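2 protein chains.
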Amino acid sequence: MSEKRLSEFLEKIRSDLDRTVNFWVTHSHDTVHGGFFNCIDEDGKIYDETKHVWLQARQVWMYARLYKEMKRFQKPEILEAAIKGAEFLQKFTRNPETYRCYFALTKEGKPVKIQRTIFSECFYLMAMSELGIVSGKQSYKKEALTMMDKIVHWVMEDDTEIGRQSLDGAPPHSSLAVPMMMLCIISQIETMDNSLSNKYSKATDWAVAEVFKHVKRDGTAVLENVGLNGSELTGSSGRLMTPGHSIEAGWFLLDLAIRKNRTELAETAIQTFMINPYNYGWDKQYGGLYYFLDVDGWSPAQLEWDLKLWWPHNEAMISFLMAYKHTKNVKYLDIFAQIFDYSYSHFVDNEQGEWYGYLDREGKVKIRSKGGVWKGCFHVPRALMMCEQMLEAMTK
Amino acid sequence: MSEKRLSEFLEKIRSDLDRTVNFWVTHSHDTVHGGFFNCIDEDGKIYDETKHVWLQARQVWMYARLYKEMKRFQKPEILEAAIKGAEFLQKFTRNPETYRCYFALTKEGKPVKIQRTIFSECFYLMAMSELGIVSGKQSYKKEALTMMDKIVHWVMEDDTEIGRQSLDGAPPHSSLAVPMMMLCIISQIETMDNSLSNKYSKATDWAVAEVFKHVKRDGTAVLENVGLNGSELTGSSGRLMTPGHSIEAGWFLLDLAIRKNRTELAETAIQTFMINPYNYGWDKQYGGLYYFLDVDGWSPAQLEWDLKLWWPHNEAMISFLMAYKHTKNVKYLDIFAQIFDYSYSHFVDNEQGEWYGYLDREGKVKIRSKGGVWKGCFHVPRALMMCEQMLEAMTK
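Chains as they are written, first to last, in full-length UniProt numbering: chain A, 1 to 396; chain B, 1 to 396.
Since the hints were made in silico from the structure, they are not lab data.
None of the values given here were measured: they were computed from a predicted structure.
Hints are not guaranteed to be accurate.
For chains that are exact copies, the list does not tell them apart, and a pair is met inside one copy or across any two.
[Said to hold, decoys possible] Lysine to aspartate or glutamate pairs mimicking EDC-like chemistry, simulated, CA-CA at most 20 Å apart:
1) 4 to 341
2) 91 to 108
3) 364 to 304
4) 364 to 283
5) 325 to 158
6) 12 to 41
7) 260 to 18
8) 137 to 77
9) 91 to 168
10) 199 to 157
11) 45 to 294
12) 107 to 168
13) 107 to 49
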């Protein structure tokens, strides 16, 4: 049945993408100081002027990608806004010597917070790289490559510069987010310059192997945190599962498998990282994907464990549509349809654009804002763009 | 009407305290390594062996206070457990030179995490001081006084040793928790040795003045974070209200006012820190106190804003009963009765002891555990003990 709905999906997603991009273009640009406001209420009002670097950089990437990929967004104002965002980032975010990036800035660009992780830096790289592609400016590409070398050094060789304190009782562990991010930025760098594919083949192999370390319990569970040797960790953090995150890793791996022609990797990506997490992550009572679960069924330590967040549903839309497009197995399209229906009856704001981000377990909107510390112009438009492209290819 | 319920309140609270203390005595003692397990499921099973220092220290304090104040808990096993907990803390928690304390330890005592705040240190002081009183051992009292001098230095003179990085866009601000904690530890030190009251009178005045800086909007709102000069801060964190925290500050201030015979302070404590936060903090639709609110009505940044947490209800029980006992105004007893009824129909586990900690907005249990990173043997038994004592005095 869901096969007959492809045109309906395409139509709704296309107009949703228009509304969503319009939301950010209309409300988020800081024409005084540059960069973007990202704490924005449902109707576009700014409720906090702090600029969060992940979201600044993601918006630059998103605008540049939309400009490159979709004819109707190939407009000078989209490219100009991306360039202005990038200039703000270069000026205020990264230390010109160490390349460490802040996590949050004031609207004028003064530093508010720095994290002892690599994620601001990764999104900075994504922004510079994609803008390098669409603007043709070598300086952006060079900036992305310099950051790439830094990140590879921190992740695979020595993380001293990240500044995490090492304590006897908390030995280093493997967090799923890090190799996922590596897959993401390597793919970005290859999109920018395919001749670099060889240079990062070792890092790609490392990242895939690291992601696979998180598959436990005879392949039935993906755990967020494991030991460096892949062993299960004790306690709540060792038992933590984040279905949306696993499903996102699923399409990172499937995309890699398709690009590199790796059949077995594609199968594992779909079964282990999409189907299994979907099966344990979907709330059979109220619908929607849980945010966090404990693999042994204890109450998770995170108070927000049973909330329905927008981004797992965005990632799941990409994943299951990609799985369907790749395999033609209608089972995956049926799951896509279920996630689509849940999302369009719960998250989507048909009037004002963008999705609500946080629903309670039953599906009621819990936080009215469209943008905040962790939500900006990224997951929704990225998913809509990719799904539109896939659906277009399939309905041609 | 609620005046006729005093004996009912007393009886239910007394048996609840018995159940609660029994829960911790039965399930939390680590007889192998010392200290207490604090991540405990509803039925007493340990789901994580990490030992969180706030809770280790609070449990030592709680046991010592119960031993001192309540005849039926004056049992050797209570005192011994407190002493063993204190030994674990002294051995593993605090740096013998700097007196900085860790935030979390492995069950064997290896450091897992340190925070750049003063709270582990404050609870360490509370534990040592109260145990000094009941054991009569000078070494505990000395340890508390040494820590007191350190904390006063960090809070009022120089916080370099706390290690917080100062960034241009995030100037220092006043957080309500700090002067509240100061009121709490000064009261503790005075309980231990009343002759020290003069020594800390300047710190007391400072703490009261700091707490009052958080009263804004013509006295109608208590804000969590304000500028050092008392100005309102911009953005979500500047608009944040935590009704339970304000109400807790209320009884800290009322207790101080009663001890020091300060009539005007008592009135402000009740109206500004109890009644107003209760009025804006009580959920008129589903009952219970909200966790976080935005003074201007935006969605708070905290996903857990509309949850009903146990501790605000514990603090509110103490506050409104203390206000009633002090003023004899039945209006406050009516509010106490409302909080009591909500708590005993939502939070309390009549079978297994202790309260559930986290309900969703509608009042359903959201996290099944009785103890976790932030919840241990403290708020529930402290509130029950204090309410039992007040009710006993009133029903004699």
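Hints, one by one, checked against the model:
1. 4 to 341: Answer is within; shortest intra-copy Cα gap is 14 Å, inter-copy 55 Å.
2. 91 to 108: within (11 Å within a copy, 47 Å between copies)
3. 364 to 304: both (14 Å within a copy, 14 Å between copies)
4. 364 to 283: Result: close both inside a copy and across copies, 14 Å intra and 17 Å inter.
5. 325 to 158: Neither, since 40 Å and 62 Å both go past 20 Å.
6. 12 to 41: neither (23 Å within a copy, 45 Å between copies)
7. 260 to 18: neither (32 Å within a copy, 65 Å between copies)
8. 137 to 77: Result: close within a single copy only, 17 Å intra versus 74 Å inter.
9. 91 to 168: between (38 Å within a copy, 15 Å between copies)
10. 199 to 157: within (16 Å within a copy, 54 Å between copies)
11. 45 to 294: between (37 Å within a copy, 15 Å between copies)
12. 107 to 168: between (39 Å within a copy, 12 Å between copies)
13. 107 to 49: within (6 Å within a copy, 43 Å between copies)
When held up to the earlier numbered hints, the structure conflicts with 5, 6, 7 and fits the remainder.
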